[in-house]
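Visitor: Just so you know, the sequences run in chain order A and B.
Heads up: the first sequence at position 58 corresponds to 54 in our numbering, and the numbers run straight through without jumps.
Heads up: the second sequence at position 130 corresponds to 126 in our numbering, and the numbers run straight through without jumps.
Careful, some of the hints might be misleading.
Below, in silico cross-link-like pairs of lysine to aspartate or glutamate (DMTMM-like), each with a Cα-Cα straight-line distance of 20 Å or less [claimed, not checked]: (1) Lys164(A) with Asp214(A); (2) Lys111(A) with Asp241(A); (3) Lys111(A) with Glu238(A); (4) Lys111(B) with Asp130(B); (5) Lys164(B) with Asp226(A); (6) Lys164(B) with Asp241(A); (7) Lys164(B) with Asp175(B); (8) Lys164(A) with Asp20(B); (9) Lys111(B) with Asp271(B); (10) Lys164(A) with Glu289(B); (11) Lys111(B) with Glu197(B).
Simulated from the structure, these hints should not be mistaken for laboratory data.
Small disclaimer: the values here were computed from a predicted structure and weren't measured.
Letter by letter, the chains look like this.
Number of protein chains: 2
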Amino acid sequence: MTSAVYFCVDGGGTRSRGRLTDADGVTLASAVDGPCNPNTDCARAVASVMALWRRCASDAGHDPEDRAGITLAIGSAGLNVMRSRAAFVAACPPFGRILPINDGYAALIGAGGGKPCGMVAVGTGVTARRLLPDGTNFFRDGWGWTVGDRGGGAWIGVQAFRHALEVKDTVAPPWPLADSLIATICGAETLDDILANPNPERMASLTPFVLAAADEGDPVALGIRNQAVDHLVALARALRLEDADTLYFSGGLAVPLWPFLVERLGRPISEPLADAMTGSYLLASGRAPAEVEISV
Amino acid sequence: MTSAVYFCVDGGGTRSRGRLTDADGVTLASAVDGPCNPNTDCARAVASVMALWRRCASDAGHDPEDRAGITLAIGSAGLNVMRSRAAFVAACPPFGRILPINDGYAALIGAGGGKPCGMVAVGTGVTARRLLPDGTNFFRDGWGWTVGDRGGGAWIGVQAFRHALEVKDTVAPPWPLADSLIATICGAETLDDILANPNPERMASLTPFVLAAADEGDPVALGIRNQAVDHLVALARALRLEDADTLYFSGGLAVPLWPFLVERLGRPISEPLADAMTGSYLLASGRAPAEVEISV
């Protein structure tokens, strides 16, 4: 390889993805590995990145030990914490260049191809971010399932589970779905097991159940879905986009909630043009504004 | 010691207490030690119990190795899980008798002296329990801070913190307390640190702040306090007490919320007659009905 090569990584709490691209953004190799969140486990994050690197390099016929000409552009959960960002760079074996990026910013750049836009990501969690015409960006929510991430999968699951427990406590009126919802979240475990280790993925696993019940007209499920849409609409509005700006919705819940979001927002919404790894490539190759997060 | 001696333990997630009493319930010695929750750490729970035992025995002039004539009556967090109860009994060194008790039941018996009554415990968490005339008992809530414990300290703190984050996200109107509330919960840490490890004690630490603001007429804080009182009143009513039954309120939030609870409930409430260790003694000595939990 003679010209610039970009090794782009998208890191998350349970899974990481890597992609090797040439200077034009053409994919040379790609790989998937385990968790990569430098804020929760820096050594594990570095190990995942290096496993991705070795696989991509081998597949592309590149010597994995030769990293001098390579730019590592990594958008990862946990890199929003500056202390963790510095620790990751210090712990990572050397590359020609290492560009650590807030994962939300990499996704925003990927979604809009580096042009000013807004993006709401709604999966288990929820966050929104806007790229302004001057190249700065700001975010809304993403505070986590216990105190934020309003309208996301974990939030929906918690509302439904809370309500089912209120019914069990006889402080809410009977709800035909209460018992089956508790059975669904427990699976083969007991309620004690679930309550000893409640986590956002587990709570979000109730969301398909709630959305299906809303489709069938169940009033409690409809109320939860409406409130989730309210939250997501308020979050999108908090980005204060101009009419000419594009608003992207991404994440696993964007598809099932799409029609309700469009109706309530009263403006078109779009699917992201590309993913966070493409965003990292655009940033590393100078095709998008460098990350400058501001408070607005 | 010739007659029966009772070694009573009250175990919790951060602290355990032990009390040695004679057959008439007179205290011979008492001690405090670390965490005791057999469901989260059985070995640690046994270690705490044995540390309490050695100190109580020494203080009472009893050989700590002579446990044959001693009844260990332990009401502890985590003993509501039958698997953990069995594991604790198996792991604990032998006593003359070991009586493991649900901590909420020990508190209920202590509160009412073993007579039929209802009890709502409201501190960081919330749970309610009733002893019926036939000696059976049932509970309401206590589901934990992420999905239940409605109206407790962690619940109040989460509502306030959530609202402050909504203000920061510009999806809720300005609230003069938002910044100071976030600063209060963060202390010397950053928001990222708090969000990486949100725990119920931390959330509950906001409660005095919220209650003080409510006293001064802040409308958001008043709304949160009113909703907490609503939850606690609904929980107390879910015990379906007769007019002749006594309703006890215990825990750190019972005192500041007392006047609002009395007003909304429209019936008198009482302070517990005694604590959970006294409850354990009453149970072990046959002065109160043995634990029989039912679903109602």
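Visitor: Now, for every hint given, state plainly whether the structure supports it.
Guide: We went through each hint and held it up to the structure:
Distance check on the hinted pair: Lys164(A) and Asp214(A) sit about 18 Å apart at the alpha-carbon level, within 20 Å; holds. As the CA atoms of Lys111(A) and Asp241(A) are separated by approximately 9 Å, the hinted pair is consistent with the 20 Å bound. Pair hint Lys111(A) plus Glu238(A) holds up; C-alpha atoms about 13 Å apart against a cutoff of 20 Å. Proposed proximity of Lys111(B) and Asp130(B) is supported: the alpha carbons are some 10 Å apart, at most 20 Å.
Of the pairs offered as hints, the one joining Lys164(B) and Asp226(A) holds, with about 17 Å between alpha carbons and a cut-off of 20 Å not exceeded. The suggested pairing of Lys164(B) with Asp241(A) is violated, with an alpha-carbon distance near 23 Å, which exceeds 20 Å. For the hint linking Lys164(B) to Asp175(B), the alpha-carbon distance of about 8 Å falls within 20 Å, and the restraint holds. For the suggested pair Lys164(A) and Asp20(B), the alpha carbons sit about 40 Å apart, so the restraint of at most 20 Å is broken.
Distance restraint check for Lys111(B) and Asp271(B): the Cα-Cα separation of roughly 14 Å lies within the 20 Å cut-off, and the hinted pair is therefore satisfied. For a cut-off of 20 Å, the pair hint linking Lys164(A) to Glu289(B) stands: about 15 Å separates their Cα positions. A hinted pair counts as satisfied when its Cα atoms are at most 20 Å apart, and Lys111(B) with Glu197(B) does not qualify at roughly 32 Å.
Of the hints listed earlier, those the structure fails to meet are numbers 6, 8 and 11, in rising order.
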